[in-house]
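**Q** One-letter residues, chain by chain:
Protein chains: 2
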Amino acid sequence: MSLLTIGTVAFDSIETPYGKAEMVIGGACTYISWAASYFTKDIHLVSIVGEDFPKSELDALESRGVNLEGLEIVKGGKSFFWAGKYHLNMNGRDTLVTDLNVLSDFNPILPEVAKSSKYVMLGNLTPNIQAQVLDQLDGSQKMIALDTMNFWMDIAMDDLKNVIKRVNLLTINDDEARQLSGEHSLVKAAKIIHELGPEYLVIKKGEHGALLFHGEEMFYAPAMPLAQVFDPTGAGDTFAGGFMGYLASTNDISMDNMKRAIIAGSSMASFCVEDFSLNKLKLLSLSEINSRMKGFKDLIHFDLL
Amino acid sequence: MSLLTIGTVAFDSIETPYGKAEMVIGGACTYISWAASYFTKDIHLVSIVGEDFPKSELDALESRGVNLEGLEIVKGGKSFFWAGKYHLNMNGRDTLVTDLNVLSDFNPILPEVAKSSKYVMLGNLTPNIQAQVLDQLDGSQKMIALDTMNFWMDIAMDDLKNVIKRVNLLTINDDEARQLSGEHSLVKAAKIIHELGPEYLVIKKGEHGALLFHGEEMFYAPAMPLAQVFDPTGAGDTFAGGFMGYLASTNDISMDNMKRAIIAGSSMASFCVEDFSLNKLKLLSLSEINSRMKGFKDLIHFDLL
Chain A
1 MSLLTIGTVA FDSIETPYGK AEMVIGGACT YISWAASYFT KDIHLVSIVG EDFPKSELDA
61 LESRGVNLEG LEIVKGGKSF FWAGKYHLNM NGRDTLVTDL NVLSDFNPIL PEVAKSSKYV
121 MLGNLTPNIQ AQVLDQLDGS QKMIALDTMN FWMDIAMDDL KNVIKRVNLL TINDDEARQL
181 SGEHSLVKAA KIIHELGPEY LVIKKGEHGA LLFHGEEMFY APAMPLAQVF DPTGAGDTFA
241 GGFMGYLAST NDISMDNMKR AIIAGSSMAS FCVEDFSLNK LKLLSLSEIN SRMKGFKDLI
301 HFDLL
Chain B
1 MSLLTIGTVA FDSIETPYGK AEMVIGGACT YISWAASYFT KDIHLVSIVG EDFPKSELDA
61 LESRGVNLEG LEIVKGGKSF FWAGKYHLNM NGRDTLVTDL NVLSDFNPIL PEVAKSSKYV
121 MLGNLTPNIQ AQVLDQLDGS QKMIALDTMN FWMDIAMDDL KNVIKRVNLL TINDDEARQL
181 SGEHSLVKAA KIIHELGPEY LVIKKGEHGA LLFHGEEMFY APAMPLAQVF DPTGAGDTFA
241 GGFMGYLAST NDISMDNMKR AIIAGSSMAS FCVEDFSLNK LKLLSLSEIN SRMKGFKDLI
301 HFDLL
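As you go down the protein sequences, you meet chains A and B in turn. Counting in this note's numbering, the first sequence runs from 1 upward without gaps. Counting in this note's numbering, the second sequence runs from 1 upward without gaps.
Incorrect hints may have been included.
What the hints assert, rightly or not - Taking lysine-lysine pairs in the BS3-like style, the calculated list, with each CA pair at most 27 angstroms apart, reads:
1) A:LYS191 / B:LYS188
2) B:LYS205 / B:LYS115
3) B:LYS280 / B:LYS294
4) B:LYS205 / A:LYS205
5) A:LYS191 / B:LYS280
6) A:LYS297 / A:LYS282
7) B:LYS188 / A:LYS20
8) B:LYS161 / A:LYS205
9) B:LYS188 / A:LYS294
10) A:LYS191 / B:LYS205
11) A:LYS294 / B:LYS142
12) B:LYS161 / B:LYS205
13) B:LYS205 / A:LYS85
14) B:LYS294 / A:LYS205
15) A:LYS205 / B:LYS297
16) A:LYS188 / B:LYS297
17) B:LYS142 / B:LYS191
As the list claims (entries may be wrong) - Quick look at which bits of chain A chain B covers, simulated, 3 or more residues with Cβ under 8 angstroms:
18) 148-160
19) 182-192
20) 205-215
21) 226-235
22) 291-300
Derived by calculation from the structure, the hints in this document are not laboratory data. Note that beta-carbon positions come from the ideal geometry of N, C-alpha and C, so glycine has one too.
My request is simple: use the sequences and hints to build the entire structure.
**A** Shown next, in the form of structure tokens:
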């Protein structure tokens, strides 16, 4: 089944305790699409870049089965740019630069063929832009997932709640789940967030894994402990891309399959952080991915007597 | 097999966002012993209290199979007292009062019968006191576990390393593992800590679960997401007590059984935090514990295709 991905395609400059990467490829939609491309070859990307974005990068996405009809390239424009520096413990980061550039005029127009995508991943963007995408869908979707962040909760909570109401799945981190619900317990937060609309909630906890909530059901996926985390940038988007790519390819939204999809997303995220930018994500093989997914199974396996 | 537990038996005053508990029963050794008593009835407790410690509490421990021959009761003395206040998010706490009282003269003397205990849990104490206990053991132990904290790393790192060298298993939290090893990656930290002596390492991550490291093997146990965490005090000690109680009762230190023991410890800790002090820990049934352990299995279960 086809997957529609919306979000930023951008440049990043990143500094971590392990090194620097200047003006490398980034953006939520880029990470989502690359991660999903290991599972499905029927992806529609909707985003906006400037003329400065390398054609070779777009060619690489197309060669992965990503349809770029919905990518607007602004003549003479500059692509969205983000610069950040991670703290010594990698658990926090400071944003140094946010240049919206062409993103400030983003007015997503879905190609006709993308409007019936059965799976939709709305990357983190202004809630009203996310809503504008929903307005154009034909209503035949099986799963619409939305990613957002605390920034929108701080400045546009009403808009955000209006768009959250319209999706099936929300993906946020643990602090954001607490902020959105006003509850410290994630179990209670999940109940409140279900009442806002989404029947599925994925709480991302970074190095501590992820939780999937659906009705009374709860699933805890660990994160893979790694010898080296070089760069956490894009890990959440990569998780979402792997998750939605897996769902689109299997076209099965049973809880059992959603759990496998969470493991697929966690596996992709674990690769993402092992190098800067998309460096590692671009070079994976399916056997590496399957082996990492099996590694998750081994990591948590125990038998009760 | 018999389990020897060493540590504090004390009074606590606790304030959390959900309420206050004044001068309630606390202490590492108390939590360890109560948690272990659901798995084994052959426990030797070594600690020190003042005359102010309620006889009814000691009777209750004895009725759980805890031998108190090694508990020194100081005539006219006052028991160790700790007061703390948890932050709004429950992830941090401030110590308000630490009155060592009789603990400052603690000179643990093992009863003859306890020296051959096959399982030993050294609760968090001055490293030199922990070493003094090791000096009295007869050398026939199958598993000696040691709990400690950042405080001793700050002021007595050499003493701590000397005692860590002599135990089979170390249990600390993730920040402490990073401090002890100087490595941010827990995978790398585990390798360095193995080189310090212990062939097993348990890293406690509170609401994010626990990791067990042994050689190249790694096991990730989640924490149970709970609707209400009333009081995290004693959760780490309860975890250790459940873990060591399970090992002592099964007398099997294969990796497969160690994993079950981690789940037993995690289950006991999940009950501990659901009420103040030992309130919930004192009232459990084996069927509740088995059902919680099964709950952990369900929480993480997934099948790969």
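**Q** Confirm or reject each hint.
**A** To see whether the hints hold, each was checked on the structure:
no.: 1; hint: A:LYS191 / B:LYS188; result: violated, 38 angstroms
no.: 2; hint: B:LYS205 / B:LYS115; result: violated, 32 angstroms
no.: 3; hint: B:LYS280 / B:LYS294; result: holds, 19 angstroms
no.: 4; hint: B:LYS205 / A:LYS205; result: holds, 12 angstroms
no.: 5; hint: A:LYS191 / B:LYS280; result: holds, 25 angstroms
no.: 6; hint: A:LYS297 / A:LYS282; result: holds, 24 angstroms
no.: 7; hint: B:LYS188 / A:LYS20; result: holds, 22 angstroms
no.: 8; hint: B:LYS161 / A:LYS205; result: violated, 32 angstroms
no.: 9; hint: B:LYS188 / A:LYS294; result: holds, 22 angstroms
no.: 10; hint: A:LYS191 / B:LYS205; result: holds, 25 angstroms
no.: 11; hint: A:LYS294 / B:LYS142; result: violated, 32 angstroms
no.: 12; hint: B:LYS161 / B:LYS205; result: holds, 22 angstroms
no.: 13; hint: B:LYS205 / A:LYS85; result: holds, 25 angstroms
no.: 14; hint: B:LYS294 / A:LYS205; result: holds, 23 angstroms
no.: 15; hint: A:LYS205 / B:LYS297; result: holds, 20 angstroms
no.: 16; hint: A:LYS188 / B:LYS297; result: holds, 21 angstroms
no.: 17; hint: B:LYS142 / B:LYS191; result: holds, 22 angstroms
no.: 18; hint: 148-160; result: violated (count 0)
no.: 19; hint: 182-192; result: holds (count 5)
no.: 20; hint: 205-215; result: holds (count 4)
no.: 21; hint: 226-235; result: holds (count 4)
no.: 22; hint: 291-300; result: holds (count 5)
The structure fails to meet hints 1, 2, 8, 11, 18 from the earlier list, while all remaining hints are met.
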